[in-house]
Amino acid sequence: MSPTALLRSLTPLGWLTVILVGVAIVSVLLGGLGFRWDPLDLARRRADRAEAAADLARSEAATRAAEAEGQTGQVARLDAAHAITRRTQAATTPILLEARTAHDAELPLSSDRLDRLRAHDDELCRIAPDLGGCPAAPDPARDGRPAL
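Using the working numbering, the first residue of the sequence shown is number 530, and each one after it goes up by one.
Don't take every hint at face value.
FRET-style restraints, in silico, Cβ to Cβ [what the hints assert, rightly or not]:
1. Gln600 - Leu636: 45 to 55 Å
2. Glu589 - Ala610: 25 to 35 Å
3. Ala582 - Leu535: 50 to 60 Å
In case anyone wonders, no lab produced these hints; they're calculated from the structure. Note that CB positions come from ideal geometry on N, CA and C, so glycine has one too.
Generate coordinates for the entire structure from the input sequences, incorporating the hints supplied.
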């Protein structure tokens with residue numbers, strides 16, 4: 530049977546099958562050559578979703594980095610506060626013991642006792658100058674010490 534006789538003998542369903550097979554072969558060949566047909570623009574949508582996910586990941590990474598930096602700063606400030614507390618307690622504990630056991634603990638303040646209290650206040654202000662009661666600058670009208 531010749532090809533023309535074969536083509537004449539095809540029914541409409543046969544013609545449809547031949548056309549679909551031809552389209553499939555052309556599609557496979559063009560796809561193998563790198564041609565893509567995307568009528569719904571699905572590739573762009575996938576790319577947009579991937580870009581949005583990457584932006585979100587970068588934003589979350591920046592947030593985590595800022596949190597870590599803030600945590601580091603908080604730990605440093607907490608360590609500094611604890612160091613000030615320890616130094617203040619170390620300076621205050623011996624003075625308290627000495628004041629409680631001093632022979633003049635029940636008497637009005639003498640000049641020696643007043644000097645001890647002033648020295649202790651100066652030590653506390655040296656440790657933490659931003660404490661309440663620490664002078665910003667010495668009083669020039671007096672001996673350089675804050676007024677009681």
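Going down the list of hints, with the structure as the test:
1. Gln600 - Leu636: 45 to 55 Å: The hinted range 45 to 55 Å holds for glutamine 600 and leucine 636, with Cβ atoms some 52 Å apart.
2. Glu589 - Ala610: 25 to 35 Å: Since the Cβ atoms of glutamate 589 and alanine 610 sit about 31 Å apart, the hinted range of 25 to 35 Å holds.
3. Ala582 - Leu535: 50 to 60 Å: Given about 55 Å between the Cβ atoms, the range holds.
Checked against the numbered hints given earlier, the structure satisfies every one of them.
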